[in-house]
Amino acid sequence: MTAPTTSGARSTASLRHRLAERGIDASLWLMVPALVFALALFVYPFSYGIGLTFQPGLATQERWGGGVFANYVAFFRDPFVFDSVWITMRLALPAALFNVLASIPVALVLRRKFRGKRFMTSVLVLPITLGTVLTAQGLLIFAGRQGWLNRTLMSIGLIDEPLQLVNNYVGVMFSLIITGFPFAFLLVSSYLSGIDPSLDAAARTLGAGWWQRFRRITLPLLAPGLATTFILTFVLAFSVFPSARLVGDAMGSTRVMSLMAFRAFGEQNDYAMASTIALMMGVVELVVVAIVLAWRSLFYKGSTGGKG
Amino acid sequence: MSALDTAGSPATGTASPGRPRATSRLPGERSLAASPSTWFVWAGMAAFLVFLLGILGAVVVDSFGRQWFNTWLPAEWTAQWYSGSWERFDLAHVIGVTVGVALTVVVLSVLIGVPAAYLLARRSFPGKRLVNVLFLLPILMPPITFGIPLATVMYSFGLGRSVIAVVLVNLVPSVPFVILTMTPFIEQINPAIESAARMCGAGMRQVFTRVLAPLLVPGILAASILVLVRTVGMFELTFLVSGPQSDTLVVAIYRAMTAAGGGEARQLISAMAVMYTLTMLAMLVVALRFVNPTQLVAQVKDARDD
Chain E
1 MTAPTTSGAR STASLRHRLA ERGIDASLWL MVPALVFALA LFVYPFSYGI
51 GLTFQPGLAT QERWGGGVFA NYVAFFRDPF VFDSVWITMR LALPAALFNV
101 LASIPVALVL RRKFRGKRFM TSVLVLPITL GTVLTAQGLL IFAGRQGWLN
151 RTLMSIGLID EPLQLVNNYV GVMFSLIITG FPFAFLLVSS YLSGIDPSLD
201 AAARTLGAGW WQRFRRITLP LLAPGLATTF ILTFVLAFSV FPSARLVGDA
251 MGSTRVMSLM AFRAFGEQND YAMASTIALM MGVVELVVVA IVLAWRSLFY
301 KGSTGGKG
Chain B
1 MSALDTAGSP ATGTASPGRP RATSRLPGER SLAASPSTWF VWAGMAAFLV
51 FLLGILGAVV VDSFGRQWFN TWLPAEWTAQ WYSGSWERFD LAHVIGVTVG
101 VALTVVVLSV LIGVPAAYLL ARRSFPGKRL VNVLFLLPIL MPPITFGIPL
151 ATVMYSFGLG RSVIAVVLVN LVPSVPFVIL TMTPFIEQIN PAIESAARMC
201 GAGMRQVFTR VLAPLLVPGI LAASILVLVR TVGMFELTFL VSGPQSDTLV
251 VAIYRAMTAA GGGEARQLIS AMAVMYTLTM LAMLVVALRF VNPTQLVAQV
301 KDARDD
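Those sequence lines, one after another, are chains E and B.
Just so you know, we're using this note's numbering here: the first sequence kicks off at 1 and counts up by one.
Just so you know, we're using this note's numbering here: the second sequence kicks off at 1 and counts up by one.
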């Protein structure tokens, strides 16, 4: 432990031996393919993209000024682009929040033993296979003006006119919940199965009701897992792209950031601006993730340290 | 091992929360089956189910129907949309590309990821935290954020719209995913087994092929199936670099739905979507035979405090 830190004059061990003691030996070659892969396909393109954001096109420079920062000036000044941040947030935050909150009671109920439990779990997980594109196609047919949903609601007399449920905000929200909920449910129930049931049993022996047990035992233990689930579901909902285009209103209420980035990339061939929007997407997402993580550490301390 | 086994074991006895009980009710205990909150949950699940069945049913019915406008069901039934979309979109080629890309990505990401996962699980070396962060970033970032710079690089190297580009782009989230799922799996294999093999004179290569590989098969299988499902379902990254000759099935459906000038007949797309779902469903059924999804993240601690 101490020998390799001393100077070479005193140590009689070979260089190879000293390196091995610090954890550097031939077996590190196993890491090389993965490192080469990460550098070539992730680090290099990503830094290239960051460099690209500081090389604005001539048109952008002329219109927005700001020299090398023209792309960023355009991003913050152009309301057509900048509003997409709020549009994305208005979709992704409620969707992720709903998915996490709704999966807590469902996971709690499905944790108990009953007939058909395996079937219920499989059905709830099924939409993962559908993917956003099929969900979009199904929603367009099922919830469209002539679809079964509107037809049923009209024939039982709840509404007179068909509801507009697709090609707007509601349609994208439906699609986010249908694809995101199974994922949140899977994660929450796996975190739930990691909580030792004997803690709950002990609380029950001491006379705690189910709300007390949930509030004082299950929830604090589950909170870190819930935060992680929220982050992962948010990441999924945040990069919504096909459904925003297919069941949403691509130029209006569901003009999300990924659509704007793709528009700059595929339609305008403005790679610099596309990279800027993509990078800002990452920044916005990181901000939300950081807030959730900070909140998690607060919440977690508060409920175990204070009352324990 | 699983939550249910622990709950049902005699160690926890009658106070087990895992099973409904009518006879021995403890203080503060209510029958959950009768409480309104439970009914609320069941109602929510039923609503979700109705939507799910509606969406699936609508697509399936649409793909078999003809002249479905203002009625509950189509006027006539036909299977011609399937043969129609098969020819119209050259689905033999598209499915060939999809399967080829997915299998290549699985093999490559296992070959690259498993050795790295082994090192991360067993060794400590300088810069290990940095390496960990490096492999975590592609999973945490929105795919578009690294996808657009990556696609720009691909196009500038002249790889745009080629199958190679599609494979490379899909490797970016897959390799970290394999590393992330395999590291805990390798950690739970007893290192004494490897030491014993070393003592008996096995070299690094022999330890890997004779000792580790057989033990790792279940984990590799699970990770491979998940990567396969993810790659077949991956839309954003594939869409950024693929062209007509290298579209996977999802991207082909999307392109058909957004085609300029009103697009293709809706039923053609529905037929294609049904075929896609059947493929995914088959893979998921196979996957669920090997992986218990609710146990992927955390495992019940065996140790008890009491």
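Honestly, I wouldn't trust all of these hints.
Unchecked claim - Label-pair restraints from in silico Cβ distances: (1) E:Leu219 x B:Thr71: 47 to 57 Å; (2) E:Gln55 x B:Cys200: 12 to 22 Å; (3) B:Glu187 x E:Pro162: 33 to 43 Å; (4) E:Phe76 x B:Phe125: 39 to 49 Å; (5) E:Gly67 x B:Ser37: 58 to 68 Å; (6) E:Asn168 x B:Thr71: 21 to 31 Å; (7) B:Ala47 x E:Arg145: 17 to 27 Å; (8) E:Tyr169 x B:Pro184: 38 to 48 Å; (9) E:Glu62 x B:Val285: 24 to 34 Å; (10) E:Gln164 x B:Arg255: 20 to 30 Å.
Quick caveat, the hints were computed from the structure, so don't treat them as lab data.
As the structure is a prediction and not an experimental result, all values here were calculated from the model.
Heads up, the beta-carbon is just placed ideally off N, CA and C, and yes, glycines get one too.
Now the hints, each set against the structure:
{"no.": "1", "hint": "E:Leu219 x B:Thr71: 47 to 57 Å", "in the structure": "49 Å, holds"}
{"no.": "2", "hint": "E:Gln55 x B:Cys200: 12 to 22 Å", "in the structure": "60 Å, violated"}
{"no.": "3", "hint": "B:Glu187 x E:Pro162: 33 to 43 Å", "in the structure": "56 Å, violated"}
{"no.": "4", "hint": "E:Phe76 x B:Phe125: 39 to 49 Å", "in the structure": "43 Å, holds"}
{"no.": "5", "hint": "E:Gly67 x B:Ser37: 58 to 68 Å", "in the structure": "60 Å, holds"}
{"no.": "6", "hint": "E:Asn168 x B:Thr71: 21 to 31 Å", "in the structure": "25 Å, holds"}
{"no.": "7", "hint": "B:Ala47 x E:Arg145: 17 to 27 Å", "in the structure": "21 Å, holds"}
{"no.": "8", "hint": "E:Tyr169 x B:Pro184: 38 to 48 Å", "in the structure": "40 Å, holds"}
{"no.": "9", "hint": "E:Glu62 x B:Val285: 24 to 34 Å", "in the structure": "57 Å, violated"}
{"no.": "10", "hint": "E:Gln164 x B:Arg255: 20 to 30 Å", "in the structure": "26 Å, holds"}
In summary, the structure is inconsistent with hints 2, 3, 9 from the numbered list given earlier, while agreeing with the others.
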